[in-house]
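J.: What follows is the residue order along each chain.
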Amino acid sequence: MSRVGVFVCHCGENIARNVKVQQVVEASRDIPGTVVTADYPYMCSAPGQQMVIDAIKEHNLDRVVVAACSPQLHEPTFRAAAAQAGLNPYLCEMANIREHCSWVHRDTEQASAKACQTVVAAVERVKRARALDPIEVPVTKRALVIGAGVAGIRTALDMANAGHSVVLVERQPSIGGNMSRLSETFPTLDCSQCILTPLMVQVSRHPNIELMTYSEVEEVTGYVGNFTVRIRKKPSFVRAEDCTACGDCVEVCPAPGGNEFDMALSTRKAIYIPFPQAVPSVFTLDPDRCLNSKLDSPTGFRVLACVKCEEVCQPKAIDFDMQAEIVEREVGAIVVATGFDLQLGKQAVQLGYQRSLDVMDGLEFERMLSASGPTGGEVRRPSDGKVPKDVVFIQCVGSRDPEHGVSYCSRICCMYTAKHALLLKHKVPDSRAFVFYMDIRAGGKGYEEFVHRAMEEERVMYIRGRVSQVIEEDGKLKVHGVDTLSGRTIEIDADMVVLAAAMEPADHGEIAGKLRIAADAHGFFKEAHPKLRPVETLTAGIFLAGTAQAPKDIPDTVSQASAAASKGMELLSHEFLQRDPSTTHVNDALCAGCFECLQVCPYQAIERRQILDSEGVLLREVAWSNPAMCEGCGLCTVACRGGYINLEGYSDEQVFAQLGALGPLPEVLER
Amino acid sequence: MTEANVSVTRGETVSVPEGWQPHIVALVCNWCSYAGADMAGTTRLEYPANVRMVRFPCTGRMSPLMILRAFEQGADGVLVSGCHPGDCHYVQGNLVARRRFTIFRSLMDFIGIDLKRLHFAWVSAAEGHKWAKVVTDVTASVQEAGPLPRFDRPEGWDGIDLPEMAGSGPQELDSDQLDAIRTHLRKAASEMLTGGRVGVVIGYGAGTLPDQTAPIFITDAAGCEKLEWGHGCRNNLSTYVGSALEQHERVAVVAKTCDLGAISGLIREGQLRREHVSVIGVQCPGVRDGSELAAKCLACSGDPHPICDFVVTVDGVHESCQDLSTAVLDTPDARDKQIAHLESLPHDQRWKYWQRQFSRCLRCYACRAACPLCYCSSCIAEKHRPQWVSTAIDSPGNSTWNIIRAIHLAGRCTGCDECARVCPADIRLDLINRKLSLEVERQYGKIGLNPEEKSALVDFRMEDSEEFIL
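As you go down the protein sequences, you meet chains Z and V in turn.
In this text, residue positions in the first sequence follow our numbering: the first is 468, and each later residue adds one.
In this text, residue positions in the second sequence follow our numbering: the first is 84, and each later residue adds one.
Misleading hints may appear alongside valid ones.
Listed next, the in silico DSS-like pairs over lysine-lysine satisfying Cα-Cα at most 25 Å (straight line) [unchecked claim]:
1. Z/Lys783 x Z/Lys700
2. Z/Lys701 x Z/Lys981
3. V/Lys216 x Z/Lys993
4. Z/Lys943 x Z/Lys853
5. Z/Lys1019 x Z/Lys993
6. Z/Lys981 x V/Lys537
Which chain Z residues stay away from chain V? Per the calculated CB distances, all over 10 Å, these [claimed, not checked]:
7. Ile498
8. Asn555
9. Asp709
10. Lys912
11. Cys1058
12. Val1067
13. Glu1088
14. Thr1104
15. Ala1124
16. Leu1126
These aren't lab readings, by the way, just hints derived from the structure by calculation.
A virtual CB, placed ideally from N, CA and C, is assigned to each residue, including glycine.
Generate coordinates for the entire structure from the input sequences, incorporating the hints supplied.
T.: Following this line, the structure appears as structure tokens:
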């Protein structure tokens, strides 16, 4: 039988004015199990708390109810006091007789009756409460960062610099991501490679970072603090430890093809380094381009038709028999930084894309502007190599366009279009640049000034309107647009057209599925709260950084990357994670394996477990709630028709008792 | 404030004691509504003192059993309040709960609870004023409804005449046709056994009386001669598939179209695997209850459904097996007329009707035994700690039992009516289950026969209806 102490607070006049405290104290005495009742003007004060502590010790109380203000305010206070007295804090409840009672009911009789009943219900509830201890989850002191663009690089460096071990996985042969493709960045016109390469080198040299390029995450199991990750290292057919990047192989390789880094505006060989500043600086042999047959062989080559690279390689780094390797790593935290791709949407062809060589998207133009790009930094028409004089830039191609593309704004295009127009004018001073825009979004630091510079100093012509189509005629691109500010249609004979494409997440569900994290309708990973928790996901231990979460520019990406690192480090700073013990438990002796609980759980906290007989034969599958993942919402408890799932802190027994105590009291009805 | 529920209050006389005050229990979620109520307190707003609060982490934790218990304990009204959709602290708790509440509320309305007693609201942590207004309005509403009527068999009440159910039923089959079907069926079953395709065929065999059958389990080809077919083939044999699978790796089951939903449901809920079951659909002349065609048959064609693995008709047997993802169970229903009639009556008449029905309940649980989707190892009715469903054969317990069984079947029941057939007290369980099927269909679309499709009550959409929510 419980020994309950009930302590009723006056809260000065706040409760005592409308609630007859003595009546509540008297009523509490009659509740079975109550051995101590007391009242005090301010229970939350030091002497008030001391009264509770002393009573617990003196009367050997094993349950406490404090009838006072809202638990949202002082539950931690009284729980701490109980803990100080040696009582498990979860055996201390509050009955709200202030916010829900004395402050809102003027009639003293009614308020007092309600207060009495509230206390009765609280006592019945606490009698059925169980001592709980925070759930301790050990934490593996290592982080995994998926994606090594500027976001992944920044996150990895922050964590590694703080002394944490980081595994950085990148699916391309080199790190750097989309930022390494840029020529200059707005609004400073910093050379993108120049500011990124030092970070890339730091990553490659960092003792705390295990860099795996040309690798992909294959499988992730486990939960916060205890993830097991299987990573597939794709075969590059070049032993990285031996390759000196001398380049002898690339000279003799006979197999050319499009260079993805240059957005297919230039060619590369089958054996290649993606760009001069690549990290790691080693060659990769692309099995899809290499002349060697790969029939009947899932990896590697069956028939070696051409071994020219192997012949000239002095360090003997070429290995045609290299296989994919699966490695396993244990990590405590995961950061997803998988970045973006460009997507032009359905209108692209109408605007000349793929119909004319001289119509290109933002990244393609960017490569053209780059000194290390396909044209050595000169702006030239891909069709005839001539320098263009009139270039039209079209914003919002695929963005802000639910009919042909996506509904959202891709955030960076106004700025990079201004940059492109500005750089065009720098490189071709007698050229003319026209920008068709809907709005100009230049919200960052120095952004508005940058756009004005393009407009005023470089005399880029900004036309507010859309373009209906671009038609190639006699070597010119006829751009049919409209100027809404003058209300007239416009036709421009352009030499080149650049389309500002929409940003879409590079991951198309593969990582989302492997990590079981949510993404929105566009594929951007869902943050835990759009305002207050922008770098966490709802899956404990998994964080987000960069454009994988939403379109953004480099400053915001880097900020978010550091934020994600900070969150990751917060997790890794503990030996053990303390999680709220208000979690669910499935009675697996009764579970019928319908898994409706699994289907409603927002946190993927329910897992399938197999029940095997002594010979290992599967008898049935049952549900199991992972206390490290469970957040205690209780959705599963109602989904379970048989009632086999219970929730600590809000158990069936507690709710049942509370409802039983809240039936009408005869005294209240008779007025 | 509340949706316009079309129930004409015709001359209801509610005798209310002088100065009576309603007693209302509020189930509130911690993160929004409890905090919103706190805010009302901090703002010192005044509202009636009739409400008693019960705090939960989320509306997702709130079960219909809790609302029923509140009523059983004497509450005249219940208010359920949580976060606005999209704001749930646990992402989707209120969205799943919203569907549960919608269905539960429609059932309570159907059995005659005045909806002035049962309210749902979304009150956020910032909406102190809204909380005060909601409580004030709900108190006034429950005051208007009066004291909760007793859970009791109505005395001195003439009852209700439900309209006749109409329908021609399936195509009549004469004895030659039935013989032909029987022959084809026996042959198909026999081939499945000799071919080793299945280990047992579950079918209908001769019963103890001429027009009755009993389920049989045939494991050898010769035994297939015992397979019967006709008006007496009433049982839903899918109830037996689970236990048959404990003895045999693959089973065949003879199925009428009205039995198929149960098989899909069992697959969907992980109780069976599709590859372990061969379904033999048979042309059905309609089952008879005595000499009358069963209500469920009145609107049915009797044709076997193409999703079965094999289809047996007068002409023979052919393999079928339509793609499950396109399969639709077309169930127009003769009972809908009776449901519509009940819904047109004032709630106190409905209450009396259903209390009279429930008062006859013996708690024999034959309905549960006959239902293929009642496969729980231990039923909620057997849960004693705590005892949500009172085992006493009294009206509150009987009402709770029948209500919760209907709720547990909402979105899953496909109207085989076995529960109603086997009920020794002739309770119109078929009407309750059909009413909830209609409600689920109306709100969330038909659940097809595809086991891959999520059941309506474990799913949600942001745009689910909520006109009744304050």
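J.: Indicate, hint by hint, whether the structure satisfies it.
T.: Here is what the structure says about each hint:
1. For the suggested pair Z/Lys783 and Z/Lys700, the alpha carbons sit about 21 Å apart, so the restraint of at most 25 Å is met.
2. A distance of roughly 18 Å separates the Cα atoms of Z/Lys701 and Z/Lys981; the hinted pair therefore holds under the 25 Å criterion.
3. This hinted pair does not check out: V/Lys216 and Z/Lys993 have alpha carbons roughly 35 Å apart, beyond 25 Å.
4. Between Z/Lys943 and Z/Lys853, the direct Cα distance comes to roughly 12 Å. Compliance with the 25 Å bound is thereby established for this hinted pair.
5. With a C-alpha separation of about 15 Å, the suggested pairing of Z/Lys1019 with Z/Lys993 holds against the 25 Å cut-off.
6. Note on Z/Lys981 and V/Lys537: the hinted pairing holds, with a Cα-Cα distance of about 21 Å set against a maximum of 25 Å.
7. Residue-level check passed: Z/Ile498 sits 16 Å from the nearest beta carbon of chain V, beyond 10 Å.
8. Even its closest Cβ contact with chain V, about 19 Å, leaves Z/Asn555 beyond 10 Å, as expected for a residue assigned away from the interface.
9. Even its closest Cβ contact with chain V, about 50 Å, leaves Z/Asp709 beyond 10 Å, as expected for a residue assigned away from the interface.
10. In this structure Z/Lys912 is separated from chain V by more than 10 Å, as the shortest Cβ-Cβ distance comes to about 32 Å.
11. A beta-carbon of chain V comes within 10 Å of the beta-carbon of Z/Cys1058; the shortest separation is about 8 Å.
12. With a cut of 10 Å on Cβ distances, Z/Val1067 falls inside the contact zone with chain V, its closest approach being about 5 Å.
13. Interface exclusion of Z/Glu1088 from chain V breaks down, the closest Cβ pair being 7 Å apart, not more than 10 Å.
14. With a cut of 10 Å on Cβ distances, Z/Thr1104 falls inside the contact zone with chain V, its closest approach being about 6 Å.
15. Once the 10 Å rule is applied to beta carbons, Z/Ala1124 is inconsistent with being away from chain V; the minimum gap is 8 Å.
16. The claim that Z/Leu1126 lies off the interface is violated: its Cβ sits roughly 5 Å from the closest Cβ of chain V, which falls inside the 10 Å cut-off.
This entry does not satisfy hints 3, 11, 12, 13, 14, 15 and 16, going by the numbered hints stated previously.
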